[in-house]
Each structure stands twice: as structure tokens, then as C-alpha cells.
Amino acid sequence: MYGNLFVYDSKSNLVAFESGSLSSSRCLILIGGLTDGLLSLPYVEKLSSKLESLSKPYSLIQPLFRSSNLQYGWHTIDDDIQDLNILIDYLINNRNHLLSIILMGHSTGCQDIIHYLRQHKKHPKIHRVILQGPVSDRQYLSTLSSTKDQLDYCLNHLENKKEWLPRYLHDPPLTIERCLSLNQENSIEDLFSSDLSDEQLKNIYENIETPIT
62 MYGNLFVYDS
72 KSNLVAFESG
82 SLSSSRCLIL
92 IGGLTDGLLS
102 LPYVEKLSSK
112 LESLSKPYSL
122 IQPLFRSSNL
132 QYGWHTIDDD
142 IQDLNILIDY
152 LINNRNHLLS
162 IILMGHSTGC
172 QDIIHYLRQH
182 KKHPKIHRVI
192 LQGPVSDRQY
202 LSTLSSTKDQ
212 LDYCLNHLEN
222 KKEWLPRYLH
232 DPPLTIERCL
242 SLNQENSIED
252 LFSSDLSDEQ
262 LKNIYENIET
272 PIT
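Residue numbers (the working numbering): 62 to 274.
Every clue listed holds true.
Straight-line Cα separation of at most 25 Å, DSS-like style, residue types lysine-lysine; simulated pairs:
(1) K182 with K263
(2) K223 with K72
(3) K111 with K186
(4) K222 with K209
(5) K117 with K186
(6) K117 with K107
(7) K263 with K183
(8) K223 with K209
(9) K117 with K183
Derived from the structure by calculation, the hints contain no laboratory data.
Whole structure, please, built from the sequences with the hints as guidance.
This is how it looks when you write it as C-alpha cells:
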């Protein structure tokens, strides 16, 4: 897969890979889920080709965040939003011809997008978001036998939320703070669980103005 790798945040040495119609005034930013990095998703090459073939083509941008690959355990969803903000600002400031941005999330990348939209008013450049595989990490993790021991440990060490869980409980490294965020009901990442009430869903989505697919 061919494209252009560029630095969008020199402070944190964060890069993004752009493919497809590199000269286009439109781009789709694909945000992966936990453990994802560049080219992690099996459909990215087909997606890039399809975007390039449109009558108004889009380029495909795959960013690395501080939480990408196996680093999600000691970063938060708020860190992801900071990185996404920096990427969007970089694109706007460096591409005078930029007309349209689409945000597409895969798995936990969908949580990133919804969290971003809840924090920001409708962005004039972001015309749509696409949620691919918006699933509940909390409900999935509750099916694993290891989760109860992890939560018990976290609840007994709430005063040290930045500390990592012991390796025997979770490997790769995972902070108490991120473990609770992934597993607790009504956390900032608990956005797609099937047991959320209508009132909870309303509180999550009622102020989002950007069209969601």
C-alpha cells in the first residue's frame, strides 16, 4: 500500500499515513480500536481505493495516537481526543484547499469519535462520522474470567489510579484509571452498551449535531 507518512505532532512524535487521492480537498480519518496501528485493519486498502474512485475523491488518513498499538493501557480516551484535535488542526492549517473531513471509527475508535463530538460544537469541516463496529468494551470484557480480579484490584487501589495493574492481572501494561474506564458502567467510554437506559442514551447523544452513519 503506497502513500505519504507525515508528522502531525512533533512534540509527541505522532505520525499519520495518507493514501489514495493525496491531492484531494477531502479526507477520511480512520481511527482504529484498542491495539490497532497503521494498516491494522484488513479493509484499509480496499477502503482507500474506493475513496479514490469516488466522483469527489477522498484520501484516507490513518493516524497513530499515543494510545495506538499496545500503548492504550496507559493513555486515556481524553488523550485520544487531544491527539485527534491536533491532527485536525494540522490538516486545516497546512491545507488551504481542505473542504471536507469525515471521521470513521472502528471498535473503540467509535468511542473516541462520540467523545470528541460531545466535547465540541459542530465543526465546519467535519461533515459526517461513520461508526464501524461500535460495540461495548464493558460488556465484552465482562465475559472474560480475568475481569473480576482486575476490577477487584482497581477498587482496592483507587488512590493510585495512575499505577499499573500487576502483570499477572493484565499484560500489556494497563493503569487502574484505564481499566475502570473500560469496565465501569457510565464511564466516559461506556457509550454503546445494550443495557443503557433511554435517558442515558439521550444524555450521550442529544447534543451531537454532526450526522452519524
